[in-house]
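Q: Each chain, letter by letter, is given below.
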Amino acid sequence: MALLEIDNLVASIGETDVLRGLSLRVDASEVHAIMGPNGAGKSTLAKIIAGHPDYTVKSGDIRLDGESLLEKSPDERAAQGIFLGFQDPVEIPGVNNLYFLRTALNAQRRRRGEAEVDAPSFLRLAKEEAARVGLDAGLIKRSLNDGFSGGERKRNEMLQLSVLQPKLAILDEIDSGLDIDALASVAENAGRLRAAGMSFLLVTHYNRLLDAFPPDIVHVLVGGRIVHSGGATLAKELEASGYQAWSQAEPGLGAGSHHALHA
Amino acid sequence: MTPMNQLHAQREDLAEAPSRLNWPSKKQEAWRRSPISSLKERFALASQRESPIVSLHEHPPWVSEAWVGQALQATPSNTETPASQVGALRLLWLGSNPLVVERLQGADSGVEITRVVAAPLASQERPQSVTASLAALHARERLHMRVAPGCALAAPVELLVTGASAEEPSSGTHFVCEVGAGASVTLVERYVGGVAEARSMLIEFRLGAGAQVEHVRESSPAEGGYLLSEVEVSVGAGAVYNSTLFAREGRYQRHDIALNLQGEAAKADFASVVVADGESQAEVHVKLQASAPQTHSTMSHRTVVKDRGDVGFTGTVAVKGSAPGAEAHQSAKAILLNEGAVAFAKPELFIETDEVVCSHGASVGALDAAARFYLMSRGLEEAVAEGLLIRACLLEPLTGRTSPAARWLAALVETELGGDADDAAR
Amino acid sequence: MQTEVITDALARAYAPGFISDIEADSLEPGLSEDTVRFISAKKGEPEWLLAWRLKAYRLWQRMTPPDWAALEIPSIDYQSISYFSAPRKKDGPKSLEEVDPELLRVYEKLGVPLHERARLAGVAVDAVFDSVSVVTTFREQLAEYGVVFCPISEAVHSHPELVQRYLGSVVPQADNYFAALNCAVFSDGSFVYIPKGVRCPMELSTYFRINALNTGQFERTLIVAEEGAYVSYLEGCTAPMRDENQLHAAVVELVAHTDAQIKYSTVQNWYPGDAEGRGGIYNFVTKRGICAGDRAKISWTQVETGSAVTWKYPSCILKGADSVGEFYSVAISHHRQQADTGTKMVHIGPGSRSTIVSKGISAGHGRQTYRGLVRMEPSARGASNFTQCDSLLIGSNCAANTVPYIESRQPSASVGHEATTTRIRADQLFYLQQRGLNTEDAVALIVNGFCKEVLAELPMEFAVEAQKLLGVSLEGAVG
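Going down the list, the sequences are from chains A, B and C.
For the first sequence, this note's numbering gives the first residue as 1, with consecutive numbering after it.
For the second sequence, this note's numbering gives the first residue as 264, with consecutive numbering after it.
For the third sequence, this note's numbering gives the first residue as 690, with consecutive numbering after it.
Treat each hint with caution, since some may be false.
Said to hold, decoys possible - Cβ pair distances, simulated, as ranges: (1) A:Glu116 to B:Ala634: 52 to 58 Å; (2) B:Val379 to C:Ser1085: 40 to 46 Å; (3) C:Ser1085 to A:Asp146: 23 to 29 Å; (4) C:Gly733 to B:Ser301: 48 to 54 Å; (5) A:Gly147 to B:Val379: 54 to 60 Å; (6) A:Pro53 to B:Ala655: 45 to 51 Å.
Unchecked claim - So the derived list for chain C, only partly shown, Cβ under 10 Å to chain A, looks like this: (7) Trp737; (8) Leu738; (9) Ala740; (10) Trp741; (11) Pro763; (12) Ser764; (13) Ala1115; (14) Asp1116; (15) Gln1122; (16) Gly1125; (17) Leu1126; (18) Leu1134; (19) Asn1137; (20) Glu1142.
To be verified - Derived lysine-lysine pairs resembling PhoX-like cross-links, with alpha carbons at most 20 Å apart: (21) A:Lys58 to A:Lys72; (22) B:Lys530 to B:Lys569; (23) C:Lys1033 to C:Lys952; (24) B:Lys550 to B:Lys530; (25) C:Lys1033 to B:Lys609; (26) A:Lys141 to C:Lys1141.
No wet-lab data here; the hints were simulated from the structure.
We put the beta carbon where it would ideally sit given N, CA and C, even for glycine.
Chain A on its own, in the form it takes in the complex:
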């Protein structure tokens, strides 16, 4: 049983279908990258896995550890082990960054029937992880993402990832707005978490992140389907050739080739 299994997922927003029969499997400790042209549905896929209320799943299934997520609320999915690193994390004025993180951690732990983390242990953990992701000590005391630069927000997402320790981290364009040093730090932390058993689904446009944090499998998402999957070298090919080859792809090709890869 794979960690994440998506079967033939069809999803829509309003009247528009945004995923049209998408299938995907991610095993423990695997790193998958989703690439594709603008508007292909990459960020949409990330939000649908996390349970964003704007989208309706019309058919198909998403399972984590064999259990369907479709009827679950976003917070239940989070407690089960889904983490979405947002492309544009929202600002929430007045809500202290660390206080929020501890509230979230303990809410998840409570739901899982685990003991809550007390304040001193949490503070130690948070400071340690903040240092790892290179977040300034002053920033972690501020309001949630309030007045953070783009890079600081992304580092803050990484801090939350390291503290919350999900099974699957979906990182949506985590590399945008990051300078070289920050990118290296993100890759290093992701590598460490992966070694400890975390799986990753990276949504990205560029190879910058993939060079530093090589994926096991690269998927090409076009028109709401995965049309092609391959190894890490696929990302390089895509950079050179673009997505033209798949823009007229036959239905079913993606799912077929993908299953073949996992067979």
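Here the structure of chain A is known, so what remains is to put chains B and C in place on it, guided by the hints.
A: Here is chains B and C on its own, set in the frame of chain A:
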């Protein structure tokens, strides 16, 4: 009974009308700067005259040619209006009588002007404010201007209002402008009081879908003059109403402006600039109501008060439950230059739906001391520095306005402040 | 710890809504000069106070209820209200041991620390039940410092000169309709006197509880801080759930002399009525303080989550030079609740300063109005004010109004007002849910963040209670 006689009869009937109007109580006027009911006497109807109705192209008999000429030349050259520069339509209102003074080629097509001489009060179907009732009552005729759908009037229409003579101590103006779908027009409204009179004005705008109106207003009552002015605007879907008011002088002036954003994505920008000195009192009350989705509005008020001047502002933004997606911004700033000067501000928000972006800010105080020091440390004399800051404050809401009419008004403000009008006009 | 606070807050119902079975002496409903005389006689008041009450009553008869607030209130039948209800007892309790144990259990349920816990918390408590003050703790300890903290009915006898001098000196009898009514029929309340140079060694606190049916509560609080004195005073309010509306018309007067400081905090959780708007307290309160001396400071902090209707404007008259007035407010209107609340800052003294921070939250069909006056008198040279006024809307049926009045007659005085209107955005909720918070927790977190500046002004014990209340008050507001 001929229609004319009928009208005479009605006017006889209305001789006592101002005192019978529904004047607001002292309580209703609680926060206004000058209780309007104390002005009752001043706004009494002028004594009955012969032949109150005149043809559109004739002067009333008690107004001499010379007087018209004088009124037209009364404006100093540096306040030449856009209309006089580019030669558009000019409507002159002497006392309570409308006349079309210049009707220019090119402006004819698509513009229709009618006089409505029906009894002013009989036509009222809805309850009106005292200002509106007074204006409708005093005005001997109502001018009704229609701009045909799709007609884009390149040159501004000028509405020049002035007191007729000391024999007519109170007078009224009633002007209705209907702008058809997709049409655009600039109206330059000037009230330049010729005599100390009590004037009431009612101006109504109805903007069809996608219409655009630029409404530029100068309000300068004569020394000792009183003005009660009301503007009612309804803005249709996708239509845009921009308005700038510059008020100064006179003993007392009150401007009530109702902006109704009735169509989806309707837009209104309102700015008022008020300079009060001597014993002048001025108040501006703007009430904006958004009742359709996705509307946008800004409201700015700037004032500089000196001597024993007294300026009040109420800006009300009401977003109804039927107006999700509204964006409304409001700002009010008042600068008091000396002790004895008074400023009141009441920027209100009434929000009935959660899908809004609304903000307002208000400040009242002296000139910014830090800014003044900064300018002086760069070598400016104190008076120059202060002048610069006052100008910056007053002209701030006008900086985004690029139309010739708005630039003209900005130049007028500059002149009032003793600055170089050319700078602002550029 | 704060997580627990919010979680606890999600207990579903209006927790203080129980009705206590306590024997009470109640006056038959009705209001006349005889009612006023009865109350005065019951308290054994001196002649001057009876005369004062009667004058107020006669003034009240000629007045009309204020109608300018953005509130819809059915007309109130003042003859159907009982103007006096007291828990039955022989004589006033001399100590806690003599207090009706059932009454103590009521306060226990409310979490009011009357016993040992009070000592641990370092809070002296005056508890007002319906119309009378039932117990005041820590009086001996306070007396050592010369601090007087007692029921006002007692102060009339023990400190007549102080009461006579200050009663009505800040809120005169004819100030407004509800204040006049209070002057005529007030039954009890707290009296605090801090002598010159004394810093009150503990927080003083009054818990108000309306219990009896058809009873109005008209308490009167008077706090006087002499030169250089300091006091922090807390006020908490609850009432049982009843289908009928109940009237609460209180008056609070604060007097701060030269260099004195008074900090007055309120957590108002009167019964708000049910989701359909049945029942609930009508809360018509006049609170005003005067900074009589130079550099005096008065700070109002309020968390208003209860009451069906709130009409309340805690104000400061800044008479002393360089005196300071502050107003920090959080007000919630959920379901059918209505609140018209704000402040008045009247600047008279040169260099006087004031700060207003108001956070209004509307949910359901709630209606919320901030109404505030800032006035700079000609004498207020160099005075300044800053006002921040934010509204948070939850749902499309609620309303938020902001009505500031700014009046300046002094050019060197500066007044600044800023206001924003926002809502809880779907992306904020989703973000928090994605991190594992359920909807209610997420809303509570955002609301607490929105109110942070005001909650920070509350004394610690109250801040925790206030945070809980915010969560509870907004249950079911989203989703």
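Q: Work down the list of hints and note, for each, if the structure agrees.
A: We went through each hint and held it up to the structure:
no., hint, result
1, A:Glu116 to B:Ala634: 52 to 58 Å, "53 Å, holds"
2, B:Val379 to C:Ser1085: 40 to 46 Å, "42 Å, holds"
3, C:Ser1085 to A:Asp146: 23 to 29 Å, "26 Å, holds"
4, C:Gly733 to B:Ser301: 48 to 54 Å, "52 Å, holds"
5, A:Gly147 to B:Val379: 54 to 60 Å, "59 Å, holds"
6, A:Pro53 to B:Ala655: 45 to 51 Å, "47 Å, holds"
7, Trp737, "50 Å, violated"
8, Leu738, "47 Å, violated"
9, Ala740, "51 Å, violated"
10, Trp741, "46 Å, violated"
11, Pro763, "37 Å, violated"
12, Ser764, "40 Å, violated"
13, Ala1115, "7 Å, holds"
14, Asp1116, "5 Å, holds"
15, Gln1122, "4 Å, holds"
16, Gly1125, "4 Å, holds"
17, Leu1126, "5 Å, holds"
18, Leu1134, "6 Å, holds"
19, Asn1137, "7 Å, holds"
20, Glu1142, "8 Å, holds"
21, A:Lys58 to A:Lys72, "15 Å, holds"
22, B:Lys530 to B:Lys569, "34 Å, violated"
23, C:Lys1033 to C:Lys952, "16 Å, holds"
24, B:Lys550 to B:Lys530, "14 Å, holds"
25, C:Lys1033 to B:Lys609, "14 Å, holds"
26, A:Lys141 to C:Lys1141, "14 Å, holds"
When each numbered hint is compared with the structure, violations occur for hints 7, 8, 9, 10, 11, 12, 22.
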